[in-house]
Amino acid sequence: MKSSEKVTAKVTLAMRAEEDTLHKIAEFVESRGCNNIRYTIDPAILGGVIIQIGDTIYDGSVRTRLETVRRSV
Amino acid sequence: MIDVNAIGNDIRDKIARARVSIDERVCGKIVYSGDGVIRISGLHDVKYNELLEVHGGYRALALNLEESSVGAVLLSGSEEVRYGDLVYSTGETVHMRVGEALLGRVVDPLGQALDGMEEIAAGETRPIEFPAPSIMDRDKVNKPLQTGILAIDSMIPIGRGQRELIIGDRQTGKTAIAVDTILNQKNEDVICIYVSIGQKASSLAKILQTLRNAGAMEYTCVVCATADDAVPLQYIAPYSGCALAEYFMYKGKDVLIVYDDLSKHAVAYRTMSLLLKRPSGREAYPGDVFYLHSRLLERAAKLSPALGGGSITALPIVETLAGDISAYIPTNVISITDGQIYLESELFNSGVRPAVNVGLSVSRVGGSAQRAAIRQISGQLRVNLAQYRELAIFVQFGSDLDAETQKTLSRGVKMTDTLKQPQYLNYSVRDMIVLLLVSESDLIDKIPPKKVTAYNAGLLDYMRANHADVFEAIDPDKKVSEELRQKILAVADEYVSCSIGDDGAEPHVDLPVGAAEEAGAAAPEAE
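Same order as they appear, the protein sequences are chains A and B.
Following my numbering, the numbering of the first sequence begins with 1 at its first residue and continues without gaps.
Following my numbering, the numbering of the second sequence begins with 1001 at its first residue and continues without gaps.
Just so you know, the hints here were simulated from the structure itself, not pulled from any lab data.
Each hint should be verified, as a subset may be incorrect.
So, partial list: chain A residues that the calculated Cβ filter (under 8 Å) puts toward chain B [claimed, not checked]:
no.	residue
1	D55
2	T56
3	I57
4	D59
5	V69
Result set (SDA-like, lysine to any residue): computed pairs, CA atoms no more than 25 Å apart in a straight line [what the hints assert, rightly or not]:
no.	chain 1	residue 1	chain 2	residue 2
6	A	K10	B	K1029
7	B	K1407	B	Q1376
8	B	K1186	B	K1420
9	A	K10	B	G1056
Predicted model only: the values in this text are computed from it and were never measured.
Even for Gly, the Cβ is constructed at its ideal location relative to N, Cα and C.
Please model the entire structure based on the sequences and the hints provided.
Next up, the structure:
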């Protein structure tokens, strides 16, 4: 991948987050080689965060966790 | 008593374990969905044959990996999946549930119960695609698999670990042979798996009823994808069945697996391939349709003693159209298997049932596995029958026959009659030895024509009832001594002589139902 290429990370949050949290997200995303972040707010994920970089999804949403719990019980 | 606390603790425990860290998953987006086929953009690191998870909990199978997209077939939810849904890779291939719990059950190709009985406890699983045993892992086929059908066990013997194709037109009794073989495995310590691919649910229900009534479900598992199931399920059904068979084989068990039928399987695969836009070849089948069946049937094997000595005997079924065995799929499967049982509708309609064409049927490896006594007696049978058929064709043109020819002809007819056998009436090895001995002796000339089937049934009953010692003296694994042969023929002679007294027609021993029908059907013609 060329360094000049713009790699966008899509970050989905349930609600507006604090500055501190956003900073942590930015750090995480940069460590994965991204140089651009697009935020969206989706209350349907209930809480937590979903980060998508290219084809890879880091799903830390409350909705997915609840779903995992539901399936395992 | 249900312990509420224990359940509560269990749930708490499971929730604690489910709290995983943020999971990193590769995903893609559906850009096309139709006819159960989806196209996905993204999913850059997906592997061939990988199981995909579609948003909503549906499953798909990745089959086409291309530069910009992935083609996959949906195993479920083809109506619910929509454009734009996310698809995740799972890093796994399709797995089938395996284990003893599946015996007696009817399951779909993923191991889900279909028979309305209790859920099958989650246990071990096996990948449905698995490499066949290597050359060094295999042993010679050396143990017979008795079908209980005289025509097959005497002339086209099947060994454990063999692949024997059952081929014929529709309605010629292909499934009947397979089902009879399953029924005959009772008390033989053989596990049976019946894989139904693209069959009518009604015919499957009938087979299930038969198996249940005969108590055969105890050692049988039915894996089915009926004609209305998703095409990909029909495609994976035989591999799933084979995975289950392998589980038992690697545990040292002998397994019989019936694939009913592989022509429908090929059609299912063709459907998928055409929808995935793969290039098509002869009869519109894709280029790898040979490999489709060869990799499946290669997994049937007899394992070496070091690996436990288990075996998978495969009985694939192929349906032909108008007796054309040179069509694409039949030739493919014939060349893969170790022989074929060829059934003919002409024979079937003329009353020769099982309608085995002895001339075109062969078994390439089963001969060495045949029981010694049967091999000794049946050696001449094939030759005699061939001579008779040759003569019978000539006789159609001529009229005046010398006595010798007439004798050969009448014996041929009676020999053919001996090989007739009603469905669900399986002969034991001893039964077969007696019948074959009688059919080759001069005694057969005494039996009135068209009465052979009834006489045979009567003779076996008579022998079991009155001369059990002679019957027990037959050792299937040893050659029949001349002395024993004489004894058996003496009993047969006794039976035939006293039965003929009754106006030369009805034998006076009670007949089993099937044989009585045969006798009844033959009577009007004899008048």
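Status of the hints after comparison with the structure:
no. : hint                : in the structure
1   : D55                 : holds, 4 Å
2   : T56                 : holds, 6 Å
3   : I57                 : holds, 5 Å
4   : D59                 : holds, 6 Å
5   : V69                 : holds, 5 Å
6   : A:K10 <-> B:K1029   : holds, 15 Å
7   : B:K1407 <-> B:Q1376 : holds, 24 Å
8   : B:K1186 <-> B:K1420 : holds, 22 Å
9   : A:K10 <-> B:G1056   : holds, 21 Å
Taken one by one, the earlier hints all hold for this structure without exception.
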